[in-house]
Amino acid sequence: DVKVTQSSRYLVKRTGEKVFLECVQDMDHENMFWYRQDPGLGLRLIYFSYDVKMKEKGDIPEGYSVSREKKERFSLILESASTNQTSMYLCASRPYEPGQGGNEQFFGPGTRLTVL
Amino acid sequence: AQSVTQLGSHVSVSEGALVLLRCNYSSSVPPYLFWYVQYPNQGLQLLLKYTTGATLVKGINGFEAEFKKSETSFHLTKPSAHMSDAAEYFCAVSSRYQTGANNLFFGTGTRLTVIP
Numbered sequence: 068d069v070k071v072t073q074s075s076r077y078l079v080k081r082t083g084e085k086v087f088l089e090c091v092q093d094m095d096h097e098n099m100f101w102y103r104q105d106p107g108l109g110l111r112l113i114y115f116s117y118d119v120k121m122k123e124k125g126d127i128p129e130g131y132s133v134s135r136e137k138k139e140r141f142s143l144i145l146e147s148a149s150t151n152q153t154s155m156y157l158c159a160s161r162p163y164e165p166g167q168g169g170n171e172q173f174f175g176p177g178t179r180l181t182v183l
Numbered sequence: 130a131q132s133v134t135q136l137g138s139h140v141s142v143s144e145g146a147l148v149l150l151r152c153n154y155s156s157s158v159p160p161y162l163f164w165y166v167q168y169p170n171q172g173l174q175l176l177l178k179y180t181t182g183a184t185l186v187k188g189i190n191g192f193e194a195e196f197k198k199s200e201t202s203f204h205l206t207k208p209s210a211h212m213s214d215a216a217e218y219f220c221a222v223s224s225r226y227q228t229g230a231n232n233l234f235f236g237t238g239t240r241l242t243v244i245p
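Sequence order for the protein chains is S and A. For the first sequence, the positions run 68 to 183 when this note's numbering is used. For the second sequence, the positions run 130 to 245 when this note's numbering is used.
Hints may contain errors.
Said to hold, decoys possible - Calculated cross-link-like contacts (lysine-lysine; reagent style DSS-like; alpha-carbon spacing at most 27 angstroms): (1) 138(S) / 85(S); (2) 70(S) / 137(S); (3) 70(S) / 187(A); (4) 85(S) / 124(S); (5) 198(A) / 187(A); (6) 85(S) / 137(S); (7) 138(S) / 120(S); (8) 178(A) / 70(S); (9) 124(S) / 187(A).
To be verified - Covered, in the sense of this in silico footprint (three residues per stretch, anywhere, with C-beta under 8 angstroms from a C-beta of chain S), are these stretches of chain A: (10) 167 to 177; (11) 232 to 245.
Claimed, not checked - In silico negatives: residues of chain S with every beta carbon more than 12 angstroms from chain A: (12) 79; (13) 83; (14) 95; (15) 132; (16) 147; (17) 181.
These are calculated hints, taken from the structure and not from any lab test. Keep in mind the model is a prediction, meaning the values are calculated, not measured. The C-beta atom is built at its ideal place from N, Cα and C for all residues, glycine as well.
Just need the whole structure built from these sequences, with the hints factored in.
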């Protein structure tokens, strides 16, 4: 079974803190993604990566950065947390196969972050 | 540009009744289509997907969906609702012209309530 794990299920931080959210997948997938999920807005893509050290901005990258030093690990960084970053954060991974854009994404359990 | 519309943010059905969750997409070329389910405090799990071939797709837990190109729709159905079906459901699309990590574009979700 594909497994995507996230370092914390629940996290409480204070405004201005630097926050690291870690994601690890065990299936040697090339592609990894970070989303945030908010009621009524669905899932919005923050950043994604299609290879080690490669990253691309998604729809809402402001206030976030990412790091992918190893293939299995994709980290989301909140440089200076703010209250409007209180949300559920979901990590996903997906294999890359040329011509197989129909491959599904596999999701981790999510991290519910509260910024006070 | 890809977009997905899910009609109805909340749907309630009685146990044993038909479940119908609506999804319409906007794309110049029919995309790959997915339905995901999210149970409380969990990540997303793939229910089913359409990539090519037969337009009626069967998924897990008795769900199925039909791709209708003329209606640009991919509605999710289940003949008889069970209490365990209570969850949030997301429709998603990805492009047939794979670039980079070939992102998924998600709808805003439909929360299904099953009434005993």
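*Structure versus earlier hints - violations, ascending order*: Going through the list in order, the structure violates hint 9 alone and respects the others.
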